[in-house]
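There are 2 protein chains.
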Amino acid sequence: MQGTSEILEQAIEQLAKLPGTGRKSARRIALYLLKQDEEFVTKIADALVNLKKKITRCSICGVISDNDPCSICENVKRDGTKICVVEESQDVFLIEKTNEYKGKYHVLGGAISPLDNIGPDDVRIKELMARVNNDEEPIHEVILALNPDSEGEATSYYINKLLKPFDEIDVTRIAYGIPMGTELEFIDEATLSRAFASRNSF
Amino acid sequence: MQGTSEILEQAIEQLAKLPGTGRKSARRIALYLLKQDEEFVTKIADALVNLKKKITRCSICGVISDNDPCSICENVKRDGTKICVVEESQDVFLIEKTNEYKGKYHVLGGAISPLDNIGPDDVRIKELMARVNNDEEPIHEVILALNPDSEGEATSYYINKLLKPFDEIDVTRIAYGIPMGTELEFIDEATLSRAFASRNSF
Chain A
141 MQGTSEILEQ AIEQLAKLPG TGRKSARRIA LYLLKQDEEF VTKIADALVN
191 LKKKITRCSI CGVISDNDPC SICENVKRDG TKICVVEESQ DVFLIEKTNE
241 YKGKYHVLGG AISPLDNIGP DDVRIKELMA RVNNDEEPIH EVILALNPDS
291 EGEATSYYIN KLLKPFDEID VTRIAYGIPM GTELEFIDEA TLSRAFASRN
341 SF
Chain B
141 MQGTSEILEQ AIEQLAKLPG TGRKSARRIA LYLLKQDEEF VTKIADALVN
191 LKKKITRCSI CGVISDNDPC SICENVKRDG TKICVVEESQ DVFLIEKTNE
241 YKGKYHVLGG AISPLDNIGP DDVRIKELMA RVNNDEEPIH EVILALNPDS
291 EGEATSYYIN KLLKPFDEID VTRIAYGIPM GTELEFIDEA TLSRAFASRN
341 SF
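Taken in order, these protein sequences are the chains called A and B.
Residue numbering for the first sequence is 141 to 342, as defined by our numbering.
Residue numbering for the second sequence is 141 to 342, as defined by our numbering.
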């Protein structure tokens with residue numbers, strides 16, 4: 141016998157399923173919640189349930205959103221001639237934080253990964269091509285902002301190939317290189333070699 | 141504008157209230173939950189709500205428990221002549237894990253701390269004395285297992301003083317010293333000096 145409360149053990153077991161939370165932190169969280177008032181805990185629980193019950197995906201760009209279409213796709217002030225292609229919704233939020241980009245997005249929902257049995261049809265590439273082929277809003281630039289790993293690279297190459305026939309579309313890619321504020325000695329070889337290959341005139 | 145989902149932001153805000161969870165981990169958890177099916181998320185939410193709605197405290201020993209009295213206080217096989225005094229319920233679970241102790245417990249719900257305005261009446265010392273004074277089940281040993289900090293020390297001294305008049309009660313204290321499996325060079329001075337002061341014949 142380890143405890144006097146099965147309910148506490150169940151809460152710990154459930155909390156331990158969260159990413160980055162082991163049994164020890166799960167126990168600490170559960171005991172912390174026990175000390176809070178009921179409203180505090182109910183608010184957290186409701187917020188979690190709402191995540192699944194109320195959030196949808198934008199049928200245009202695929203980002204997770206409370207409304208369909210999402211606030212970015214609906215925003216007429218944003219440049220509809222540019223589409224930035226990312227793997228996941230959180231990438232959209234990260235790019236939005238920079239305030240650097242005022243175009244639209246397309247969330248693939250992953251990257252092509254033959255080893256994981258994820259082919260081109262398992263990510264939203266067809267939907268991207270449908271947007272490109274739609275004459276209502278001509279696209280002039282597709283910016284690839286996928287992760288700098290082999291899956292992201294493969295997906296970028298695949299999309300680039302599909303977009304080749306469209307002469308009016310520039311396919312660009314965000315720059316990969318040395319992150320700001322670091323020193324060269326802390327940079328891995330792959331990043332450094334990429335930074336050299338992508339060097340610009342000063 | 142940072143996101144396209146107010147509901148997601150709310151979930152992140154709520155999750156960030158959990159101990160040990162900053163906004164970054166809260167975001168990671170929320171996005172992870174979004175990818176799970178609804179049952180997975182509902183189970184976690186229900187377990188949290190049950191924590192507050194269904195868990196009670198044992199009216200005898202004060203441990204958090206699904207039933208009152210708790211399974212330890214109700215267990216007739218446990219030695220009712222011994223009471224181990226701890227600060228929090230989790231201490232009971234930790235001691236239970238060792239399988240070393242077969243007596244009963246008393247959870248104070250904290251320790252005396254004048255700086256935090258916590259006096260003897262704010263922790264369950266009166267309830268402990270009521271158990272000691274209850275003639276139905278005579279107590280022969282009170283084991284103090286409080287935290288080895290100034291609050292725990294002060295509380296231990298205070299309880300020891302209250303129990304002095306009871307000749308039939310041994311007041312003991314768990315041993316504080318070098319933790320098992322460590323090397324002396326990694327031990328802080330206070331622990332080492334305590335270990336010396338509490339040395340036993342070999």
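For the record, the hints were derived by calculation from the structure and aren't laboratory data.
Be careful, since some hints might not be right.
It does not matter which identical chain is used: a pair holds within one copy or between any two.
Straight-line C-alpha distance at most 20 Å; calculated SDA-like pairs for lysine to any residue [unchecked claim]:
(1) K217 <-> P288
(2) K183 <-> N257
(3) K237 <-> P260
(4) K193 <-> Q176
(5) K237 <-> T182
(6) K157 <-> Y172
(7) K192 <-> E149
(8) K157 <-> E178
(9) K175 <-> S199
(10) K237 <-> F342
What you are looking at is a predicted structure, and each value in this text was computed from that prediction instead of being measured.
Against the structure, the hints:
no.	hint	result
1	K217 <-> P288	neither (30 Å within a copy, 62 Å between copies)
2	K183 <-> N257	neither (39 Å within a copy, 30 Å between copies)
3	K237 <-> P260	neither (29 Å within a copy, 51 Å between copies)
4	K193 <-> Q176	between (25 Å within a copy, 12 Å between copies)
5	K237 <-> T182	neither (30 Å within a copy, 31 Å between copies)
6	K157 <-> Y172	both (17 Å within a copy, 10 Å between copies)
7	K192 <-> E149	between (24 Å within a copy, 13 Å between copies)
8	K157 <-> E178	between (22 Å within a copy, 14 Å between copies)
9	K175 <-> S199	between (42 Å within a copy, 17 Å between copies)
10	K237 <-> F342	neither (27 Å within a copy, 65 Å between copies)
Checked against the numbered hints above, the structure violates hints 1, 2, 3, 5 and 10; every other hint is satisfied.
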